[in-house]
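Chemist: Per the numbering used here, the sequence shown starts with residue 404, numbered consecutively.
To be clear, the hints were calculated from the coordinates, so they are not data collected in a lab.
Positions of the beta carbon are idealized from the N, C-alpha and C atoms, including for glycine.
Don't take every hint at face value.
What the hints assert, rightly or not - Cβ pair distances, simulated, as ranges:
#1 472 to 589: 44 to 50 Å
#2 571 to 455: 56 to 62 Å
#3 404 to 624: 26 to 32 Å
#4 696 to 447: 40 to 46 Å
#5 696 to 464: 51 to 57 Å
#6 696 to 445: 44 to 50 Å
#7 462 to 696: 19 to 25 Å
#8 624 to 448: 25 to 31 Å
To be verified - No farther apart than 20 Å at their CA atoms in a straight line, the calculated lysine-lysine pairs in the PhoX-like style are these:
#9 521 to 623
#10 444 to 473
#11 664 to 625
#12 404 to 444
#13 478 to 468
#14 485 to 473
#15 425 to 557
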Amino acid sequence: KNLQISLGQRIDAQTWMSDATKKAAHNKLDKFYVKIGYPNKWTDFSKLIIDPSKSYYENVLACRKFANDKEIAKKAGKPVDKDEWYMTPQTVNAYYNPTTNEICFPAGILQYPFFDPKADAAFNYGAIGVVIGHEMTHGFDDQGRQYDASGNLKDWWTPADAEGFNKRADMYADFFSNIKVLPDLNANGRFTLGENLADHGGLMVSYNAFKNATAKKPLKNKDGFTPDQRFFLAYAGVWGQNITDKEIRNRVKNDPHSLGKWRVDGALPHIDAWYEAFGVKKGDKLFIPKNQRLELW
404 KNLQISLGQR IDAQTWMSDA TKKAAHNKLD KFYVKIGYPN KWTDFSKLII DPSKSYYENV
464 LACRKFANDK EIAKKAGKPV DKDEWYMTPQ TVNAYYNPTT NEICFPAGIL QYPFFDPKAD
524 AAFNYGAIGV VIGHEMTHGF DDQGRQYDAS GNLKDWWTPA DAEGFNKRAD MYADFFSNIK
584 VLPDLNANGR FTLGENLADH GGLMVSYNAF KNATAKKPLK NKDGFTPDQR FFLAYAGVWG
644 QNITDKEIRN RVKNDPHSLG KWRVDGALPH IDAWYEAFGV KKGDKLFIPK NQRLELW
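Let the hints inform the model, and build the full structure from the sequences given.
Modeler: Printed below as a string of structure tokens:
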């Protein structure tokens, strides 16, 4: 709920948006359908027969037929089931579905390094909080913004606000397209635009929620780090990876997410609080002049 309130505050803070578009955005935000942990209804697999005497191909075919029959029986001529999950509870991931205006966080992601029940707000807002904010922001990214509160493909933006959004989004696309992921390869900022907007928006939303949550009772320093530093370190810790050049080339071509390194180094330098937390100044490697830092949400 704190994150939802925070996103509402971020929407209100955008001076380039009209009151009419802000009102529609709040309506969509208020109607987010939230799924956490596991579904209330489970798939009945009793009619699926796996026969060890048959080939792998035949058993896979039986699984596909079972799945197709289930989908047809469940959906043909029937209203949308908003309680249906599109990920298993064991999946370490999360999603936003624009056609149902829902956000989903399976049990699999509710563990370290995304969530730690023994950690304080600085860590959890920096990790799982940003993930939640990320998925919420997808409802207002370059794709999600085209759907209304009920999941219909419907334009709810004034022409001027749509132009303002696209102008700012283009700046993100250009920024990430100028990143060299290898000496002879640049990132594709247009392909990764939605995810980059969600990363930055998720950070802004969760940081704002973190400050709201600790305003009356500020956290103390821990292990030599301030609460703000631990927030950003928790976020960075989520995206650490060891990856080959071959896989980098594959992901730049096929993955709409930026590489882990750039989900950190490409997002944090646009956040004023990060500079204040670590004392980043002109001449430091990731420094971006204040008037060149990007913000959409």
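Chemist: Hint by hint, say whether it matches the structure.
Modeler: Structure-based check of all given hints:
A hinted range of 44 to 50 Å holds for the C-beta pair residue 472 and residue 589, which are about 46 Å apart. Between residue 571 and residue 455 the C-beta distance comes to about 57 Å, which sits within the given range of 56 to 62 Å. Look at residue 404 against residue 624: about 28 Å separates their beta carbons, and that is inside 26 to 32 Å. Judged by the Cβ atoms, the range 40 to 46 Å given for residue 696 and residue 447 is violated: they are separated by roughly 52 Å.
Distance hint for residue 696 and residue 464: a CB-CB separation of about 54 Å, consistent with the stated range 51 to 57 Å. Here the CB-CB span from residue 696 to residue 445 is close to 46 Å, well matched to the stated 44 to 50 Å. At roughly 54 Å, the beta-carbon separation of residue 462 and residue 696 lies outside the given 19 to 25 Å, and the hint is violated. Between residue 624 and residue 448 the beta carbons are some 51 Å apart, a value that contradicts the proposed interval 25 to 31 Å.
For the hint linking residue 521 to residue 623, the alpha-carbon distance of about 16 Å falls within 20 Å, and the restraint holds. A C-alpha spacing of about 14 Å is found between residue 444 and residue 473, which places the hinted pair at or below 20 Å, so the restraint holds. At most 20 Å may separate the alpha-carbon atoms for a hinted pair to count; residue 664 and residue 625 exceed this at roughly 25 Å. With a C-alpha separation of about 24 Å, the suggested pairing of residue 404 with residue 444 is violated against the 20 Å cut-off.
Distance restraint check for residue 478 and residue 468: the Cα-Cα separation of roughly 15 Å lies within the 20 Å cut-off, and the hinted pair is therefore satisfied. Proximity of residue 485 to residue 473 is assessed by CA-CA distance (about 16 Å); at most 20 Å being required, the pair is judged to hold. This hinted pair checks out: residue 425 and residue 557 have alpha carbons roughly 16 Å apart, not beyond 20 Å.
Of the hints listed earlier, those the structure fails to meet are numbers 4, 7, 8, 11 and 12, in rising order.
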